[in-house]
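*Asks:* Sequence:
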Amino acid sequence: MVLNRNTPRTDITYLTRRRKPAQAGPPAQSAPTQAAPSPASPAAAGTGLDLRGGLDLGRSPAHSPDAHSPAGTAPAPPPARTDISAQAFPAPAFGSVRQLSETDPVVRLNARQSGIGTLLVGAARSVTWEDNNLITGACTARGDTAGTAVRTSGNRPLAGFSEQSAAVSLRHVRQLRRALFIAGESPLTIGIFDGTAAAASPRNQIGERTVLYVSRIGSVLEMRVEFVPAHSTDEDIWAAFGFTMTIPLDQRAILH
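The sequence shown begins at 18 in my numbering and counts up by one.
Hints are computed from structural coordinates only; laboratory data are not their basis.
Pair ranges (Cβ atoms, derived): (1) Ser113 with Arg191: 22 to 28 Å; (2) Thr162 with Asp253: 14 to 20 Å; (3) His248 with Gly112: 30 to 36 Å; (4) Ser249 with Phe210: 30 to 36 Å; (5) Ala256 with Arg173: 27 to 33 Å; (6) Thr169 with Ala256: 26 to 32 Å.
All C-beta atoms in this analysis are idealised placements derived from N, C-alpha and C, irrespective of residue type, glycine included.
Full structure from sequences and hints, please.
*Replies:* Pasting the structure below:
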């Protein structure tokens, strides 16, 4: 028996079936019309929720913190360290001048030479130092001291004497502002870790005493020989170069 599927079933009252529409020709093309906006449905009573957009079960996008709020303010990066050594006037490289004198008074170490090992100055009768905090001290080859010693982060002296040579720790060269080596009665010999060296006579041609002035320019050291009256004391030479000894603190008095 062939069933007519287009005839509604009257024997089953709880079932209905949508009739298939009859096939029609293609609809006539018409200009698109703008759909009228649907009226906004009122929000659910008693709640502040707007359900017009439907429920979205997807993951909510992370909200970026407000740039104006304290929590959203990114910490400022630390200021970049400025190296002024590139702005210094040209000077001969350390090692290119074998003997420092009145005609060749200045040499400059490069950054590698200035930051590795120890600067050793032989035959100096004393060494004077000044760090970035203007803490100043001095030490003689006989062991006499003045001012305040400067310790590095490794609890070692920034400058002093190592056996018979005056020494400056170059590993912590950025703590050093300047140093002064006063010649004794023998030629000064200046050397660093890689064997580069130079020398300076203890006196010039008219008998003035030689001093080696070392200053830090950015990340490099510059060395210059100067000459002072032959019979100048260390105190006179300190004053001539603007060194003022820092009074040391008595830690025992502070702790007790």
